[in-house]
Amino acid sequence: MCLAIPAKLIRCEGDDGVVDLHGMQLPVNLQLTPGVRPGQWLLIHAGFSIETIDRADAVKTFALVKDLQDASCAGNGVQP
Amino acid sequence: MTRQAVLSPGITGDRRSAPPTGPYPADSVKKDLAELERIAAHIGRALSFMEVCGTHTMSAFRCGLAGVLPDNIRLISGPGCPVCVTSQADIDQIIAAAHMPDVILCTYGDMLRVPGSRGSLESARMAGADVRVVYSAMHAVTLAQSTTRQVIFAAVGFETTAPATAAAVMAARRLNLNNFSVLTSHKRIIPAMRALLSSAPVDAPCVDGFLAPGHVSVIIGTAAYLPIVRDFHKSCVIGGFEPPQIISALTQLAQLAGENKAELLNHYPEAVRPEGNLAAQQLLNTVFEPAAARWRGLGVIDQSGLILRMEYADFDARRRHQLCTPEDHEPRGCICGRVISGAAAPGECPLFGSACTPVNPIGPCMVSSEGTCSAWFKYLPNHVHPNRGWSNQEVCT
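So the sequence lines, in the order shown, correspond to chains A and B.
The numbering used here puts the first sequence at residues 1 to 80.
The numbering used here puts the second sequence at residues 81 to 477.
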């Protein structure tokens with residue numbers, strides 16, 4: 001899936017970062033978005049940040065991702 | 081209709097100068113829909129717009145968009161689902177690689193249940209193959225560092241996904257890993273759009289414009305679509321994924337078609353820059369080069385794939401493990417190839433909803449979470465498209 005999910009960068013060292021996604025801390029590779037700093041919102045795809053994004057836009061995307069996630073789980077008979 | 085940054089030939093769009101998007105109050109959506117109705121009635125002929133992004137497919141079906149569009153406006157799902165467009169031969173090759181002794185095959189979760197000619201990666205794992213789902217290509221590199229077994233990273237995907245593979249290959253080179261290789265079928269969207277317009281299947285519908293993919297465009301930038309606008313006189317509107325954004329983009333496409341204009345517009349300026357992600361493009365160009373690639377339903381399209389450059393050929397799993405290329409053929413009775421090109425609707429497939437369901441998928445468009453058949457099955461009541469114009473496709477001749 002080409003969907004990228006927004007998450008907030010909470011710390012970074014070189015190309016390695018950690019983002020907060022709904023309270024989960026996930027590793028992320030930052031080499032495609034050089035110069036980003038903790039506190040910025042990033043679009044994450046396949047473990048890589050691919051772009052920076054405003055917080056307001058990130059919140060809008062969360063709603064869509066949740067919709068699609070719920071739908072995907074329901075379609076496969078899985079609880080979201 | 082004031083949210084877009086106009087990017088048509090000669091005019092550059094700057095996302096910072098574009099008016100802010102959303103939030104979208106109900107009044108705004110109603111206004112856009114009313115405008116779309118007005119334009120559609122004024123035009124008085126059928127218009128078909130194509131989206132080439134699986135997330136657009138799912139979002140549009142999820143919100144019931146088909147039920148509110150005017151009868152003469154259709155949104156067709158094109159070759160935007162990466163799993164769906166991967167040829168059967170490539171899928172069979174990945175499954176065969178998983179069965180090789182002393183191999184760990186890593187892949188993203190969306191490939192696990194895709195049916196090959198004989199089984200899937202999931203069934204290969206049940207039969208004893210070491211198939212592991214990874215969240216990032218870099219995890220496969222980390223795994224290779226911790227084992228002496230051969231690690232093959234198998235992935236499909238468009239320009240959004242390919243930079244991660246390129247980064248993994250470069251990391252493996254840096255680490256001198258001789259037990260890591262990639263087996264990928266990455267695709268480029270622009271050559272596919274060109275192929276659809278220049279040599280589409282004879283029964284493919286006319287496409288009056290494209291709802292261009294949001295996150296692919298984050299990487300390739302808006303300017304990449306200019307050849308589609310200039311050479312084929314088709315509008316491209318890069319759209320966000322929320323239903324109001326899709327409606328707004330379709331309204332804009334209809335207006336342009338009604339005026340016989342072709343323009344490039346960015347309706348997703350909050351994430352998409354005119355130049356795209358230059359770091360990702362540089363990484364792609366370092367590791368990969370464009371080459372002909374086989375697509376399900378579209379055949380071989382020149383320059384539409386990405387293969388490793390000679391400097392990185394040591395990391396090519398096909399070369400290292402001397403993998404043969406299986407014959408390419410679709411499952412018997414499956415029309416996924418025609419669905420992907422917009423030539424047929426899922427409801428026209430004799431297997432749809434009976435032999436082929438999300439629980440027991442036969443074709444990739446049903447198994448993929450963003451496949452068109454999957455969307456039809458999940459979201460359309462009785463699996464029937466509500467747009468009465470759908471069954472009367474205007475066919476290119």
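A hint or two may mislead.
[As the list claims (entries may be wrong)] Derived DEER-like restraints, expressed as beta-carbon distance ranges:
#	chain 1	residue 1	chain 2	residue 2	range
1	A	27	B	228	40 to 50 Å
2	B	222	A	24	11 to 21 Å
3	B	428	A	20	38 to 48 Å
4	B	125	A	39	47 to 57 Å
5	A	10	B	463	37 to 47 Å
6	A	39	B	124	49 to 59 Å
7	B	197	A	39	22 to 32 Å
[Claimed, not checked] Non-contacting residues of chain B with respect to chain A, defined by C-beta distances greater than 12 Å in every case (computed):
#	residue
8	229
9	239
10	430
Calculated directly from the structure, the hints in this document are not laboratory data.
As the structure is a prediction and not an experimental result, all values here were calculated from the model.
Glycine included, every Cβ here is placed at the ideal spot set by N, Cα and C.
Each hint tested on the structure:
| no. | hint | in the structure |
| --- | --- | --- |
| 1 | A:27 - B:228: 40 to 50 Å | violated (25 Å) |
| 2 | B:222 - A:24: 11 to 21 Å | holds (19 Å) |
| 3 | B:428 - A:20: 38 to 48 Å | holds (45 Å) |
| 4 | B:125 - A:39: 47 to 57 Å | holds (51 Å) |
| 5 | A:10 - B:463: 37 to 47 Å | holds (44 Å) |
| 6 | A:39 - B:124: 49 to 59 Å | holds (53 Å) |
| 7 | B:197 - A:39: 22 to 32 Å | violated (50 Å) |
| 8 | 229 | holds (22 Å) |
| 9 | 239 | violated (9 Å) |
| 10 | 430 | holds (22 Å) |
Checked against the numbered hints above, the structure violates hints 1, 7 and 9; every other hint is satisfied.
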